[in-house]
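Residue numbering for the sequence shown follows the working numbering, starting at 1 and increasing by one per position.
No lab work stands behind these hints, which were simulated from the structure alone.
Don't take each hint at face value.
[Claimed, not checked] The following label-pair restraints were derived from C-beta to C-beta distances:
1. K270 x S333: 41 to 51 Å
2. N93 x L167: 28 to 38 Å
3. N408 x Y587: 16 to 26 Å
The structure displayed is predicted, hence computed values, not measured ones.
Beta carbons: idealized from backbone N, C-alpha and C, even for Gly.
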Amino acid sequence: MGETVFEKISKKLVGLGAVALCFASASVAQDLTTTKLNIMGRPGIVELPSAEMAPDGQIALSYTKHGNFKRTALTFQIAPRLSGTFRYSGIENWDGTVGTRWDRSFDLSYLLVEEGQNRPAVAIGMQDFMGTGLLSGEYIVATKSIGDKLRVSGGLGWGRLATYNPLGVSFGERGGRTDSRGGVPNFKTWFTGDIAPFAGVSYQFSDKMDLNVEYSSDAYSDEGERDLLDHKSPFNVSLNYKLGKSTSITAFFLHGSEAGLKFSASLNPKTPRVFGGLEAAPLPIRPRPSRSVDPLGWSGGWVAEVGDPKGIRKALATAMTKEGLTLEAMSLSATRAEVQFSNNRYNARSQALGRLARLMTRAFPPSVETFVLTETLDGTPIHSTILPRSKLEAYEFEPAGQILQATNFADPKGLAGDPLVPFEGAFPNNLWSIAPYVAVSVFDPQSPVRLDYGIRGKINYEVAPGLSLDASATVRASGNISAEEDDGNPTTLPRVRTSSVDYDSRFQVQTLTANWYSRPAENLFGRVTAGYLESMYGGVSGELLWKKPQSRFAIGAELNYAVQRDFVEVLGFQDYDVLTGHVSAYYAFENGFHGSLDVGRYLAGDWGATLSVDREFNNGWRVGAYATLTDVPFDEFGEGSFDKGIRITIPSAWFVGTPTTEENDFVIQSLTRDGGAKLNVDGRLYKRIRGMQGSDIESSWGRFWR
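Input sequences plus hints: build the corresponding full structure.
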């Protein structure tokens, strides 16, 4: 059979690209970052990878459909050189019957060498490196820009990416996966077996449209044997068109036999949707009058005349309320003022400090030079920021870094000062909210995405400093999460999480707790929570955390007695109870990365450890992953072999453009299992304490003058 016109054109384009790559050393280096995704949901050519990387921090979601295949992919540019992709693929009629086989896979790609004037960029990567093996393959690829419109790529693939191998080159036998449950890295197969070349070119017609052609080393062998795809040609082509700043659509033609479409959308936590913010401007700093105008105020003699500064406290409290801050206590001397406050509005603590510092310049007499701003957690003092008033006046119109250099951070426990006088109206204090909610469950083979939606109400009643009562409840309007069925995998573990679908009441009390926060010693924090701790468990939870204000390291311990709640009775309990808890170590790395290691006992009585790594941006976005290994054997755990997942926290302020402490948490688990399950207790100390301390305040210090 003769070649089609498409095959002839594709061969010429890829051939020209290969020649261009050989002579690319004469070209000028370009910026190889890209927001474009291939049909596998990662930076690349048509289907195969390139050495391009997305902008640092970019999060992209894509959906691809062609023939019997559909893929949803979530890609995160973890660091400037490291990219990760989670993919959920469906193949219709895989077993020759009506139905869809669903498969989860993870990819990693690392940029070994950046593009230079005389060298291409080089990346190494692994595709589906810990799944069932359906898409498993490894690669090394080089990409070079030729001018500002053409990019050429060439590489070598192993595994799945070496199934079309006319050269017949092999690195020995490649063993297959012996564990059908997946979820465990199959180290022995990486970069083994046949090796095959692939290549491609991308041409940018305009800012909105580009053409991509590749010679693919993926023959779709398994799919071809099942008559799911007819592999007629190794050439693929795609045309990508940007619909908007962050969305695009791609039309493609694969293997000479199949056409399809891909839609993708992306965002970058570093780029807010609303620049500058929509909040009202702060009051300006009030400069102190000259000594000749107010000699009494400068001398400090006003202290004897004022006595108890009740009027100052009241005026300051009123001004703070307008800024979303609550005055809880205050001390005042001739040269020093300390304000103890809670912040209910600003997710950037530095912005709260900047607003409060301005108000303090307007509230206190001119002899007061030292301002101490102490933030509290449910009335418990956590962290103090010490600001010289003269520097505030001098640097009001300078970059925020200037005032940061004159700022000190400290633990309130270690500060010497006048006794604090409680503000009369601070306690009790009541905070509440009512808002829509959406609960999402993914990866059920019968329905990949299930959701419930309705109304959630929350209330936080601060009875006294350190003591609060919390409650939250939901009323489900509609949804199908409770329609999930047991997967049938036998297990001897207690059903500590897989029974979650049995809680199908429309009205649910999520939490109902009494909470006590304390400061046993300097740099030491305590929490005790009792009641209905989460939607499935009640009991008592206690925690201690050691954390210095400027330290990157922290260590904590938590002990819980948990009793499983009844499926039907809103406030009832079942017979299952367990003693669970962990010792935890935390470390803050550079560039916003935070790691933690929890070692202890889980809800099913199993013992093990959880390793977590998250990247946190200075606007409150967090993207991370975790993995838990316990003494539960992989075959008893079930599909997936061990608990792992991806978690994303989105601050509401990023979307609405006005300050708020509200945030939305999403966890993507490969599967819900009973092994490695932790108790979900609100108010755990580390994240809350760390966010209120010096190192985290510094990361968002640019908002101090906002």
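Q) Quick one: are K270 and S333 within 41 to 51 Å, going by C-beta? A) Since the Cβ atoms of K270 and S333 sit about 43 Å apart, the hinted range of 41 to 51 Å holds.
Q.
Tell me if the beta carbons of N93 and L167 are separated by a distance inside 28 to 38 Å.
A. holds (33 Å)
Q: Determine whether the Cβ-Cβ distance between N408 and Y587 falls within the hinted range of 16 to 26 Å.
A: holds (24 Å)
Comparing the model with each earlier hint shows no violations; every hint is respected.
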